[in-house]
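S.K.: Here is how the chains run, residue by residue.
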Amino acid sequence: MKVIVRKLLAHSTIRFGASVLGLLIALALLAPWLGTVDPAAMDSANINTQAGTHGTFSLLDGTSLAHTFWMGADNFGRDIYSRVLYGTRVSLVVGLCTAVVALLVGGLLGMLAGYFRTLDALLMRVMDGLMAIPAILLAIALVAAMGAQLWTVVVAIAVPEIPRVTRLVRSLVLTLREEPFVEAAKALATPTPVILLRHILPNAMAPLIVQGTFIAASAVLTEAILSFLGLGLPADIPTWGNIMAEGRVQFTQYPGNVLFPALFLVPTVLAINLLGDGLRDVLDPKFAKRGA
Amino acid sequence: MSEAILSIQGLSVALPAGGDRQHAVQGISLDIAAGQTLCVVGESGSGKSVMATSVMGLLDQALRPDAGQILLQGESLLQAAPARLRQLRGQVMGMVFQEPMTALNPVMTCGDQVDELLATHTDWPAARRRAEILQVFERVRLPDPERMLRSYPHQLSGGQRQRIVIAMAVILKPALLICDEPTTALDVTTQKEILRLIADLQREQGSAVLFITHDMGVVAEIADEVLVMHHGRAVECGPKDEVLRRPREAYTRQLLAAVPGMTPPPPRPEPAGPVLLAGQGVGKTYIARDWLGRARPTQALREAAVAVRAGETVGIVGESGSGKSTFARCLIRLIDPTEGHIHWGQDEVASLPESRLRPLRHRVQVVFQDPNRSLNPRRTVGQSMVEGAMNFGQSRAEAEALAAELMAQVRLPVEALQRYPSQFSGGQRQRLAIARALACKPQVLVADEAVSALDVSVQAQILKLLREAQDRLGLGLLFITHDLRVAAQLCDRVIVMHQGRIVEQGPTAELYARPQQAYTRSLFDAAPAALPPMEDVPA
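If you read the protein sequences in the order shown, they are chains A and B. Residue numbers 1 to 292, in my numbering, belong to the letters of the first sequence in order. Residue numbers 1001 to 1539, in my numbering, belong to the letters of the second sequence in order.
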């Protein structure tokens, strides 16, 4: 265990990805204390304020706060800096939850398909069918059917990812179930669920974690796309996607309304992907250097 | 003696810092003259392969030679540029590796692969290259050379693949042929043919041969000179007869003594105990279906029968594909037999569902071939050790006490229970696998090629361990092996299998002395030569 941690820390891609991600998590958690105001609050005096302006922000109850509009304000007079920072929470939560849901469901289905040959054909044909539908269309249809809420967005983004996880896990299980230590466990009368959880799953974990990071990255993007299309979370919750969508109409005069959330979106996806690449290098024996 | 083709002088190769020793190879010197075969023999980790790869100039980046000279026909190889080394490989030195499947490119036909080599090293026109390839295929005695040209490696048998590799190694008539365990992955009958082929080619071409092996039987067969290596150092070097008959060093003696002989020991009294494991008429048919759903059955096992009594060791020998492992797996119900009866003690288990089988599973336990894969790498040895006992209703404390006791029996420290399998050597892991099987208090132990992946000295220890466990616990032992020498030493009765059928069986001494069937006789003939008897050390 210690060896793995040391290897992870020695990997520059992982260090970079993890620090960027750590910074974003810190920003999301500490958003209320970083000079933000209520991201939904509108102040008609500050409509389309330029980025970097020092001024006051008047709340609905009449109090005014001294406030710096780091990224300006939008056409409703809402502070973009606050909205982007709070939007980080949504993106990270959706990314993490989607990865967890897709791994749990896909992992379970993959283990069943890989270990029980009778289930294999049926399960995998259903997965093939799911994979034939473009992911974003499927997500849009699911959100439209279930209504816009955090958990529906997560489910909608996770469902199209599940077949890929299932395939991966199934292929891992197919090779692992032939390993002598699995056969030995069978000969030791270990019950099948225990074999799956104790002997097969831990040996499939490394590729799964790596796959999870890629799913998280793509989920952050998909969530932004859904929000941009107006299909994601309700409009009163700020997300990078709906900030960009609202900024789009004024893009030529106030490009910052689109660019600032994008400046957060890009490094987030990049950091998660780099982290995944690094994890694969370290955890996947195929990429591990001999003797290292 | 004529001029040496290959001359190694004081070669040392440093290991990266943090290894178990500083040098993979230290101060090795040798000379091979034209027409001579030098066998380098040693156990795994002795540095013999590192030495061979440094001659080829294919050393791993992390390893670097830090002293000595390698001279090929007087030309220093350690100073040679990569381009020159590429030129030399193939033209002046040919190489044959252990695993022919990985040495060949799976997506190129064999003909194209040999042709690529010729196109690189010669300026012959295509027609001449083709003629040369057909000729060399004939020289390595491949059947139907025209067809071989168009075949992909997976369409050939292991022996044929190794012949293709040898053809590539010898087609340019190199002065030096380097063979790194070329027969280790092959069956005995194939091994015999390949060894003969290498010897014949050597005679025709007058090449010098550097032959790496761990098998003393192979050494006895083909060597002119022998170099024994241990921990990267040369232990003993000399003409074959000197080294095998009058070894000067204790290590060489030990190595030679560990090689099991083909002569069975005097038979033990016949066991009278009850039959603990029996199979009658066991068959296994695999059915592959094509895209129309038409069944294409393959009979892997037909009409196999065996009975193992308490305290008795029954051996099943055969080449790969003979169905011996399928039979063993059916007997322990890791695969379901398509027909026949299997008894564990009194209970018929051939078609018992897994849920009813589970409570009986402790009776028959198994030890597999590959010790690196038979223990879950993500669980500590202790966790693996108590799993079986706890499945059969012991409490954790009881199981742990038993595990500690078993560790003493397999001569490993109790602290080993806290460690992970990767921290143990192959031989130690095989002991752990045996201990894990014994933790279930089995009546029968099935050992499927349990010593085949181990060095001879380790092999001897594991066999001793199995024998002790059998004497102490009155175990029935079913021993599956391809190694006739091991079977001779360990088994009371031997069953010979070929193409999914039992060919012959009988008490070991009788069977080895008077094999009745032609196949059995050819198997015995192919076994590596017996070692000449060692003479006493001059005091």
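Read the hints as simulated data drawn from the structure, not as lab findings. Ideal Cβ positions, reconstructed from N, Cα and C, are used throughout, including at glycine. Take these hints with a grain of salt, some might be off.
[Unchecked claim] Derived DEER-like restraints, expressed as beta-carbon distance ranges: (1) Arg1411/B - Val5/A: 31 to 41 Å; (2) Ala1119/B - Met205/A: 41 to 51 Å; (3) Ile209/A - Ala1017/B: 52 to 62 Å.
S.K.: Compare the structure with each hint and give your call.
M.R.: Each hint, compared with the structure:
no.	hint	verdict
1	Arg1411/B - Val5/A: 31 to 41 Å	holds, 34 Å
2	Ala1119/B - Met205/A: 41 to 51 Å	holds, 46 Å
3	Ile209/A - Ala1017/B: 52 to 62 Å	violated, 31 Å
Hint 3 alone, counting from the list given before, is not met by this structure.
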